[in-house]
Amino acid sequence: MPFWRPEFLLLLGLCLALLRLSPAPWRKPLLTLAGLCFYAWWDLRFVPLLVGAALADWALALWMERADAARRPLFVAGLALHLGLLGFFKYADFFVSAPAGSTLWLIMPLGLSFQTFSAITYLAAVQAGRMAARRNPLDVLCFASFFPVLAAGPIVRAEELLPQLDALPRPGADDLYEGFRRFSLGLFKKLVLADRLGLYVAEVNGHAGAYDAASTWAAALAYALQIYLDFSGYSDMAIGAGRALGVRLPENFSFPYAAKNPSEFWRRWHMSLSLWFRDYLYIPLGGSRQGEARTCANLMLVMLLCGVWHGSGWTFVLWGALHGLGLCGHRLWRQWRGRRAHSLPGAALAWAAATLFTGLCWIPFRADDLGHTRRIVAAMLGNGGPVHWVHPFVWAALALTVLAHGLRGLGREDLLALHGRPWYAPAVLLTLVWLAVLFAAEGFTPFLYARF
Amino acid sequence: MSPPAPRHWVLHWILGLVLSLLAAWAIGAVFLDTVQPVVLDPQVGRFVARPGTSYRSRSEGWSSSLAGEHGLRGLPGGQLPPGPKVVFWGDSFVEGLQVDDAERMAQVLSSLARQAGLPVTGVGVGTGGDSLIDSLFKLPDYAPALDPVALHVFFLGKLGDVLPDVPHDCRATFLSRPKLALAPAPDCPPSGLSLHLASAFRSLELGGAFQVYRRLGSLELRLGPGPAPRPVLSPVPGPAPVPATADVEPQVALERAWAFLLAELQLRAGPRVLLLYAPTLPYLDRGQVLLDDPEAATATGFAQACARAGVDFLDLGPAFAAHFRATGRLPRGFFNTPPGAGHLNQDGHRLVAQAVIHYLKERRNALLAP
Chain S
1 MPFWRPEFLL
11 LLGLCLALLR
21 LSPAPWRKPL
31 LTLAGLCFYA
41 WWDLRFVPLL
51 VGAALADWAL
61 ALWMERADAA
71 RRPLFVAGLA
81 LHLGLLGFFK
91 YADFFVSAPA
101 GSTLWLIMPL
111 GLSFQTFSAI
121 TYLAAVQAGR
131 MAARRNPLDV
141 LCFASFFPVL
151 AAGPIVRAEE
161 LLPQLDALPR
171 PGADDLYEGF
181 RRFSLGLFKK
191 LVLADRLGLY
201 VAEVNGHAGA
211 YDAASTWAAA
221 LAYALQIYLD
231 FSGYSDMAIG
241 AGRALGVRLP
251 ENFSFPYAAK
261 NPSEFWRRWH
271 MSLSLWFRDY
281 LYIPLGGSRQ
291 GEARTCANLM
301 LVMLLCGVWH
311 GSGWTFVLWG
321 ALHGLGLCGH
331 RLWRQWRGRR
341 AHSLPGAALA
351 WAAATLFTGL
361 CWIPFRADDL
371 GHTRRIVAAM
381 LGNGGPVHWV
391 HPFVWAALAL
401 TVLAHGLRGL
411 GREDLLALHG
421 RPWYAPAVLL
431 TLVWLAVLFA
441 AEGFTPFLYA
451 RF
Chain C
1001 MSPPAPRHWV
1011 LHWILGLVLS
1021 LLAAWAIGAV
1031 FLDTVQPVVL
1041 DPQVGRFVAR
1051 PGTSYRSRSE
1061 GWSSSLAGEH
1071 GLRGLPGGQL
1081 PPGPKVVFWG
1091 DSFVEGLQVD
1101 DAERMAQVLS
1111 SLARQAGLPV
1121 TGVGVGTGGD
1131 SLIDSLFKLP
1141 DYAPALDPVA
1151 LHVFFLGKLG
1161 DVLPDVPHDC
1171 RATFLSRPKL
1181 ALAPAPDCPP
1191 SGLSLHLASA
1201 FRSLELGGAF
1211 QVYRRLGSLE
1221 LRLGPGPAPR
1231 PVLSPVPGPA
1241 PVPATADVEP
1251 QVALERAWAF
1261 LLAELQLRAG
1271 PRVLLLYAPT
1281 LPYLDRGQVL
1291 LDDPEAATAT
1301 GFAQACARAG
1311 VDFLDLGPAF
1321 AAHFRATGRL
1331 PRGFFNTPPG
1341 AGHLNQDGHR
1351 LVAQAVIHYL
1361 KERRNALLAP
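Listed in order, the protein sequences are those of chains S and C. Last residue of the first sequence? That's 452 in the working numbering, and every number before it is there in order. Last residue of the second sequence? That's 1370 in the working numbering, and every number before it is there in order.
Among the hints, erroneous ones may be present.
Claimed, not checked - Pulled a few chain S residues facing chain C out of the computed Cβ check, cut under 10 Å: (1) 48; (2) 49; (3) 169; (4) 422; (5) 427; (6) 434.
Claimed, not checked - Computed, partial: chain C to chain S, Cβ under 8 Å: (7) 1009; (8) 1013; (9) 1016; (10) 1019; (11) 1023; (12) 1026; (13) 1029; (14) 1030; (15) 1190; (16) 1194; (17) 1197; (18) 1200; (19) 1214; (20) 1219; (21) 1221; (22) 1339.
Stated by the list, open to error - Derived DEER-like restraints, expressed as beta-carbon distance ranges: (23) C:1013 / S:166: 31 to 37 Å; (24) C:1129 / S:49: 46 to 52 Å; (25) S:55 / C:1186: 43 to 49 Å.
Quick caveat, the hints were computed from the structure, so don't treat them as lab data. We treat Cβ as the ideally placed atom computed from N, Cα and C, and that holds for glycine.
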């Protein structure tokens, strides 16, 4: 159920109304029911999978708390369950089709990658003793089916979400305004900016080799903007929907294209995933505590897994490897150069290099396969065709993104974010909604990250 | 900043609603297509674009055009000129809403004819969605208004127009069964809502409201659980569907159908007829710019049928390909739509007009003799 569909708005509105009217003990069952409806709207057949996995987590966590229980094996069993499901649904086709040329035609359950990581945070928290296992299975089911984050995150940890679900408030004016504010911004980013950029990117990349270098570079730029506006727009809508329900979800983006190096980029891009990988993989692997060589190996491994998490294809492996190399390269550069503040030209140069690097890394990420990647890169290097087309909308979207990042750099992001309810906020937000209705690209364009 | 008092906040939302609607209206007035009101023209007995109204295209190209007498676009002073005319018949390609009036094929032809000293004016009678068969039924209705006609140019943007049994909603059809026949369009007048409200929407620049109305009309709610039913794709006519019958080979049946169609064409339009085929090429396919017409076999067959019937047929494919080789530009597509796809752009309209001028020069004595 995409967030801009009337069905979602109906579900959210109904849920808000019922939460407003219902006493506190009813709110969690209501929210759980709404989550299951959200999931069933996509595919009823997978509801037992969602419920079953949540009940397994509930049982495993309870078991861990028994005095005689060996926590680690139980945690590993939980990991195996979730990673096994993820591996089966996400990668089985890749491994079956690669040698045999056939496929199992598996349907990837909605948001499985995100649910897997959230579920692991619950098991890990109980195993480490950071939180108590829930006695009531409804608690775990409500956590697993919290619908604003069900499709594509942000990846929310059990320690963050479960206490909020325990104390779910009656939806109030402040939460509704903040929710509407974030939701409207996200709606505009997704439907007006990202989807329209997507039409251009699909055309130029789809015919890579026919277009000239300028058009292919413009498409690369457009995709860098598209994926940011699409996913941050989705995250804004998820955070907004959560906030309207009285739940504060973690931020997922913080002006990533303002980053001046790959490390900073990953502190600003898909933050809930980056932090998950840091806390649940990079640090357990030893992090940066065991020498430079081991640190670089850890970084490479984490980024390769991050790439594979996004999809089962060599393009994602390449994307992860490039980012791993970027992180290692930056780390070695910093070692050699020492930690010094940038001069203004140095900062500009670092920003340009980081942005170019990130933009180029998106090429394999977007491409169908490695051959397609090669054709796009060849076209960018001047070996493309004669057709020229640079859609002016790319420049409009670029200008808006630069403006937003610039205001952030000047410390005036409040002008865009409309915090504190300035008098003009309703006019701006409603205008964004009308523009989303008027200028949404025709046809169904799912969230890019929903497929991961 | 502290939150405003509830009373002020309500006022802010009311003010915000008004301001946001004004902002959306202003932006829509620049960036959305206009609504085109239609009226019943008693002289031709058809619904036409309301004379005197201008149309703004933004979704494809960036243009404006003015509807004149009988809803025809780009007429000097809005009136049909006296004297011999070259009449372009066709669909949205001839209507050419995507380019400015002066850049449309009929108007470019007028301009080129003046330069070449040819005493003709171009007139485009195009309506989006029309087929060749619709044009044949329209022809007698417009004949008194267009007289004298030096040449009827029937524009074919796709060869489906000359194939029998291709269904078109609310359009005239070319039937092969039970016998070869041309059937007029069923009575499909515009909805009362669009007839009565389009003018008001047009005058008030409410293209945005029309857009919302259109989107709401196509909205499909699904409140039941998924998976969503897969959409059933309607069969797309292939490049050469042939009217197979029990007793004749498909190719023979197709040639008979074409002979019938061309005879009807000559009967209704007279001898001064040119069939102008503008294939979708060059086009992009998996990283290549292709210059070969995917419908070449059908086009060749139809060209041979035209030659047998004594009807002139002109394939613009080679001209389009040569233009691309010389300039790197494609005849279809605009700055805001993919190259090689969609309607003809300024280059495409000019190439059409140049081809017809060339044809006229070659047959100057036969077509333009006083």
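Evaluated hints:
no.	hint	result
1	48	violated (13 Å)
2	49	violated (14 Å)
3	169	violated (17 Å)
4	422	holds (7 Å)
5	427	holds (4 Å)
6	434	holds (4 Å)
7	1009	holds (7 Å)
8	1013	holds (5 Å)
9	1016	holds (3 Å)
10	1019	holds (4 Å)
11	1023	holds (5 Å)
12	1026	violated (10 Å)
13	1029	violated (11 Å)
14	1030	violated (12 Å)
15	1190	violated (22 Å)
16	1194	violated (19 Å)
17	1197	violated (18 Å)
18	1200	violated (19 Å)
19	1214	violated (10 Å)
20	1219	holds (7 Å)
21	1221	holds (6 Å)
22	1339	holds (5 Å)
23	C:1013 / S:166: 31 to 37 Å	holds (33 Å)
24	C:1129 / S:49: 46 to 52 Å	holds (47 Å)
25	S:55 / C:1186: 43 to 49 Å	violated (60 Å)
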